[in-house]
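Chain B: place on chain A using the hints.
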Amino acid sequence: MVHYKLIYFNLRGRGELARLVLHHQEVAFEDFRFEREEWPKYKAGTPFGQVPVLEVDGKPLAQSNAIARYLARQHGLAGQNEWEQSQADMYVDCIYDLISGTRPIIYETDKEKQKEILQKFLKETVNPHLEKLEQQLIKNGTGFLVGKSITWADLAYYSFFSPMTERFGDSVIDNSPHLKKLVEHVANIPQIKKYVETRPKTTL
Amino acid sequence: MLIETFYRQIGSEIVTNKSFKFSMPVYKLHYFNNPRRGRAELSRLIFSQAGVQFEDVRFSHSEWPNIKPTTPFSQVPILEVDGQVLAQSNAIARYLARKYGLAGKDEWEQAQTDMYIENIHDLLNAAAVPFMEKDPAKQKELYQKFMTDTIASHVVAVEKQLKKNNTGYLVGKQLTAADLAYYAFFSDFIEVKFGGAFLKDAPLLKSLIDRVKALPNIKKWTEFRDSKYPEEN
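Residue numbers (the numbering used here), protein chains in the order written: chain A, 1 to 204; chain B, 1 to 233.
Hints were generated in silico from the structure; no laboratory data involved.
None of these values were measured; they are calculated from a predicted model.
Just so it is clear, CB atoms sit at the ideal spot from N, CA and C, and this is done for glycine as well.
All the pointers check out, no bait thrown in.
To be clear about the criterion: a stretch of chain B counts as covered by chain A if any three or more of its residues have a C-beta under 8 Å from a C-beta of chain A, and this derived list gives those stretches: (1) 60-74; (2) 105-112; (3) 143-157.
Cross-link-like lysine-lysine pairs, in silico, DSSO-like; alpha carbons within 27 Å at most: (4) A/K123 with B/K134; (5) B/K138 with A/K115; (6) B/K213 with B/K105; (7) A/K41 with B/K160.
Extracted from the complex, chain A is given alone in its bound form (with noise of 0.2 Å):
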């Protein structure tokens, strides 16, 4: 049996999409977490000064999506073959240009300035999205966004999505029913469920 360690944040961020994979297919990994004021301790061990890492039996290796896809790969995630492999990769890589577009909303102090800049994401980059996305979901026609079943890209949509409408309300995501239904059918998936209900609770 392979050893994983995931190594991150005490908080969901990019390392979530990894444990929520895991979870989903039931494979056991050690979740090591760890706080803000602890980083430069573990910093320098990384291979690029980031993390998430994982180590796969010791063996690093580093960025949010290539560790995800790797489980995903691995554990029957990613899609039915080469083509929607593809597809999904598109999709989680769409995730990752959002997650990136919500640093600064994250990171500014003035609550007024915040509100303006979410503001701003929502409509220029979020809403746009969104309209796009409901055409795929329509057009795929099986509830998900790759193929006939789940795959983790799924599981990204969820993973971003649902703290979004957590912290700025269920409005974020109203003008889209595919992806909506989407979203509450992942939350209510059982392994998702438990995960959910006893992780550690964050605010990001």
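Showing chain B alone in chain A's frame:
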């Protein structure tokens, strides 16, 4: 010719994609007409290194508003594969790399290749900030910060990984799309814009860049590209 020699030859031709037109999909890569920088170049390098034909569709910024609504997520590059569309520069590059033997020899090496490609994606995103800055003085300041804060530390880290891997390549014992990605970013963008000083303490990275630059198919591509699409602005 002996049957086994015949099949071995076909096999090797499939692997090097020299002449198997009937099994070759029709590829169209769509992007802005930035000759060097930009997010389509890695895929073009993969096509070129693999010897795979593709239609290199380039359009101007004035044409973009008409093209935009036809894309899955209002972004380019997009890759058409026999008419089906794939978006996201890294998803495209990764798909091609895996298909044409430039993604490492097993799942673990593929993951390492992905990791390096994603590093470059982050660096491109970081470079986009000064790139988009309109005020020339502020832009200069942001680029300087980018070089000293972001690039310098990454070069140190990747030099360490190259030393650890000890094969001259980023992943395993052979060329992967990771090496092409680092070449595209560090040679075509960073070196062109800032000169080679940042490589002074990174002999392994410099050696890798030079090695990729000199690969026959890469050389052929860059010479063609630079003459057909001379550098703008």
